[in-house]
Amino acid sequence: DAKTTQPTSMDCAEGRAANLPCNHSTISGNEYVYWYRQIHSQGPQYIIHGLKNNETNEMASLIITEDRKSSTLILPHATLRDTAVYYCISRAGTASKLTFGTGTRLQVTL
Amino acid sequence: GAVVSQHPSWVICKSGTSVKIECRSLDFQATTMFWYRQFPKQSLMLMATSNEGSKATYEQGVEKDKFLINHASLTLSTLTVTSAHPEDSSFYICSAPGGSYEQYFGPGTRLTVT
Chain A
3 DAKTTQPTSM
13 DCAEGRAANL
23 PCNHSTISGN
33 EYVYWYRQIH
43 SQGPQYIIHG
53 LKNNETNEMA
63 SLIITEDRKS
73 STLILPHATL
83 RDTAVYYCIS
93 RAGTASKLTF
103 GTGTRLQVTL
Chain B
2 GAVVSQHPSW
12 VICKSGTSVK
22 IECRSLDFQA
32 TTMFWYRQFP
42 KQSLMLMATS
52 NEGSKATYEQ
62 GVEKDKFLIN
72 HASLTLSTLT
82 VTSAHPEDSS
92 FYICSAPGGS
102 YEQYFGPGTR
112 LTVT
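Line by line, the protein sequences give chains A and B. As numbered in the numbering used here, residues 3 to 112 make up the first sequence, in order. As numbered in the numbering used here, residues 2 to 115 make up the second sequence, in order.
No lab work stands behind these hints: they were computed from the structure. Just so it is clear, CB atoms sit at the ideal spot from N, CA and C, and this is done for glycine as well. Accuracy of the hints is not assured; some may be wrong.
Unchecked claim - In silico lysine-lysine, DSBU-like type, Cα no more than 35 Å apart, as pairs: (1) A:Lys99 <-> A:Lys71; (2) A:Lys99 <-> B:Lys67; (3) A:Lys5 <-> B:Lys67.
Said to hold, decoys possible - Counterexamples of contact, computed for chain A against chain B with all Cβ distances above 12 Å: (4) Arg18; (5) Asn21; (6) Ser63; (7) Asp84.
Modelling step: build the complete structure from the supplied sequences, incorporating the hints.
Have a look at this one:
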């Protein structure tokens, strides 16, 4: 699985969009980009995933660059409950293990 | 969505004793489950892959004789920390693949060894 790089931490005001970047410059053609988040002392929670097209669901949007070397997770209206560590993971296959990097600690403030 | 449970949610044990942690898939079957360990302020680290009906696959550096894994059925995997020591104190999390793309994680078990 390709290595991903994320900023260590980010702040976002409540109600504003949170844009979390991820670099995966060595991603291969069959690897998907997955995003998970972990709220303090809980298990990780799936957010969204994509291969090359932009994706949107009820939680977030995922923007993948055309060359697939980077992506951005967008939380359109961040709330205090979105405070968590967000992990960007690239992975081939669906049932294979997930390799977690250090993630981005997002702090949503009033 | 699918649910994975863990039991217990937290446990305190004395050094030298063994502790068993259960991971259950509540509404789906899982031939494979994954066990992770997370130390404070660190990321999740994969310990082993639990396979129903066969031996677990351990990641490099994880002692298989210390962390015993048994995948007894399609809905249950157990992790036993044998002869626990304070350095084994950690947050243990299991996950199981479900559906076509998602992995479902348990809520985690916090182990404190005194």
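Outcome of the hint check:
Straight-line distance between C-alpha atoms of Lys99 of chain A and Lys71 of chain A comes to about 21 Å, which keeps the hinted pair within the 35 Å bound. Of the supplied pair hints, the one linking Lys99 of chain A and Lys67 of chain B holds, its CA atoms being roughly 21 Å apart against a limit of 35 Å. Note on Lys5 of chain A and Lys67 of chain B: the hinted pairing holds, with a Cα-Cα distance of about 29 Å set against a maximum of 35 Å. Annotated as non-interface, Arg18 of chain A keeps its C-beta farther than 12 Å from every C-beta of chain B; the closest such distance is 26 Å.
In this structure Asn21 of chain A is separated from chain B by more than 12 Å, as the shortest Cβ-Cβ distance comes to about 21 Å. Residue placement check: Ser63 of chain A keeps its beta carbon more than 12 Å from all beta carbons of chain B (closest about 17 Å). At roughly 18 Å from the closest C-beta of chain B, the C-beta of Asp84 of chain A stays outside 12 Å, upholding its exclusion from the interface.
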